[in-house]
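> Chain by chain, the residues:
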Amino acid sequence: MVAHLLRLKLALLRNGFRRSPWQLVGVILGGLYGLGLAVMLFVAMFFLGDQPAEFITTVLVLAVSLVTLGWAIIPVLVSGVDLTLDPSRFTSFTIPPRELVVGLLLSGFIGVPGMVTLLLFAGQGLAWRADPGLAVLGLVCGVLAALFVLALSRLTVTAATALTSNRRFREVGTIILFVPLIMLGPIIQTAMQGIEHGLSWLPRVATVLGWTPLGSFAAVPGDAAAGAWGTAALRLLLSLAYLAVTVWAWQVSLMRALETPREQSGGTRDVAGLGTFRFFPATPWGAVAARCLTYWFKDPRYAMSIIMVPLIPIFIWFMFGRDGDFTAMLFIAPIIAVLMAFSISADVSYDNTAFSLHVLTGVRGIDDRLGRVAACAVFTVPTVLIAAIVPAVLMGELSMLPSILGLSLGALGAGWAVSSIASARYTYAVPLPGDNPMKTPPGAGARMALTQLATFGTTAALVLPEIVLHIVFLVTGQELYAWLVLFTGVVLGAGLLLLGLRIGGRWFDSRAPELMQATVLNR
Amino acid sequence: MNTELDQQAPAAISLRGLGKRYGQKIAVNGISLDVPAGSFYGLVGPNGAGKTTALSMATGMLRPDAGQAFVHGVDVWKDTRQAKKLLGVLADGVRLFDRLSGRQLVTYSGLLRGMDAAMVAQRTDDLLRVLDLEEAGGKLVVDYSAGMTKKIALATALIHSPRVLVLDEPFEAVDPVSAANIRDILADYVHHGGTVVVSSHVMDLVQRMCSHVAIISDGNLLAAGTVDEVRGEGSLEDTFVEMVGGRAEGGGLSWLHTS
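As you go down the protein sequences, you meet chains B and E in turn. To convert, count from 1 in the first sequence and add 501; that's the numbering used here. To convert, count from 1 in the second sequence and add 73; that's the numbering used here.
Please note that a few of the clues may not be correct.
[Stated by the list, open to error] Pair ranges (Cβ atoms, derived):
hint	chain 1	residue 1	chain 2	residue 2	range
1	E	Gly318	B	Leu513	30 to 36 Å
2	E	Val250	B	Ile529	51 to 57 Å
3	E	His265	B	Arg757	53 to 59 Å
To be clear, the hints were calculated from the coordinates, so they are not data collected in a lab. The C-beta atom is built at its ideal place from N, Cα and C for all residues, glycine as well.
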């Protein structure tokens, strides 16, 4: 049975490739990346073998703990342990629980992340190459740790799924969990600074981690190297107990989830009357705007973009503000402008087949385009204005304000123009309505990256006049140029926007059925 | 041109050599068909016969490779916007804007068609009441059951009072009471001069409900006419199975006999 499940996983993987060559490309790229990573770390572990045993233990325990933690948390956030073998599909077969659990667990190794983890963990033997016995011990402990990691990630995902059967809760939860992930860069940076300042506390952390499930397997060879065979045996026993408990707990929660499939409950309050539709004129473009605005707040895929906004200043603060120079903070507004304008470039892809209503009602392209921009403008324009004015005032850089405003408004206009045209022509696979916003559909990568690159590039080219004028202003210091940036930004931005709406509208009118069929393919 | 047909009152829907192929596979093989105004027309065929493809091309959702489609004489692919005003469509297997409440969704459909706000509000109320969705009007469509979702989708297709209704699998997942209500609405609509085209693979339903029927299989039109003409002496189901073929001959599952 276990072999059956493994073969099934392989077959599914193979058929996935046949369906979409892009998926194959994705896996190959991922595989190459993983392989490169593995080779690099293998070399690192090889040279680690020259170090004293205590140091090796500290490094390995910390690294393994970090990877284990990652496996436990990231799949929950991304809601994607790879569900190629979704346990709930097996409910109607009478597979003995133990075999199902073992099969599913081992199937986790078939795939790039699982395979790389297994290789790396087993590679710990290299660090202990000074003593063949230790090397073998390291290898065995590594394989067991890899098994533990997979079981742990399955457990956390199953537990989290059980907790979050409520749709609203799940959606809000994903978005909230998304914040620390975005802030991972700054957090790691701060942590690195801590390490630079005092490495002294790290071995102590490693010692503690060595007794927790996160790093216990990795600490076993260290005990053996120190000759503390009793401790080593005890720690190995403890680690095996951790593994057993985790697998058992996963089996229990899995079986419970299979026996009582979770109930889908909505739990949203009713919408009183017409909601956002009251705030817009009762015209086709007003209706589109009202619908889009509702989606900005009710659909997690859009809400995610809104969450990003307050994070941008924090991000820039950490990235550039470390040396006490906060000039970069002035450019929050243009950055937000570009990102928000860009965020509607996948609008039709996000609509998915619901877009058919637009086709069936024969809504004019210009109304469709205008409504989508209007909804985005409702909160983007005030946000950008605040983001432009507040930092300039706080930093006493009022002379920069006209120029910054010009850049921001110019970027908004150009960005919306490009988005309006792009979304009338190009669709790509995005997370489906109701899916986790973090989930990337298989095979979407290449096409999505290409479209996004082209949209960003075109936007940048269209804002070039403002950028050049801004640079002239910075070089000459003459205020005239700052006002010229503002003037150009407003006029050129507005002009481009009108043009973008017109062209996008015309493309939409002539290609609405094709656009509709493209969303069907992305389903 | 086919003068004989043109002289008659323009059909609600006429298809002329409508065809579509996907790569090597011919999905719809040049279908010509007239749906008389005021008829209740059933379109039946096995799964994958090309029903949905044909209906998509007739309603402006999928551009045909060949042929034409007319709605009350208006060319769907030349005068698209005019044709869409005459059509109400319930498409099968497409999503709805389900983060809207039921009331919002129906309103949205009305406003997109450029109707004025007061009329949209009035008709939305009427539709929600008749379809028994008044209480659920404020709930998000994503939280609706399958049957309620079908009904709200039907409401979005009815709000502009179309002259022709095209419904792809309208009764799938709808409970019997709601189905009966929907049938009443449709029958009333036809009685007052509207035309309904439904696709289905429930033969019984089509035989009871429809005045006309067309049988499609493998992208070809096998038969079309009034239900009585097409079925002749037997039941529609028998005629259908006979025409389409594919019944397993002999050799049943003897091991499934438990006694």
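> Now, for every hint given, state plainly whether the structure supports it.
Hint check results:
no.: 1; hint: E:Gly318 with B:Leu513: 30 to 36 Å; result: 34 Å, holds
no.: 2; hint: E:Val250 with B:Ile529: 51 to 57 Å; result: 54 Å, holds
no.: 3; hint: E:His265 with B:Arg757: 53 to 59 Å; result: 55 Å, holds
Hint check: no violations occur; every hint is consistent with the structure.
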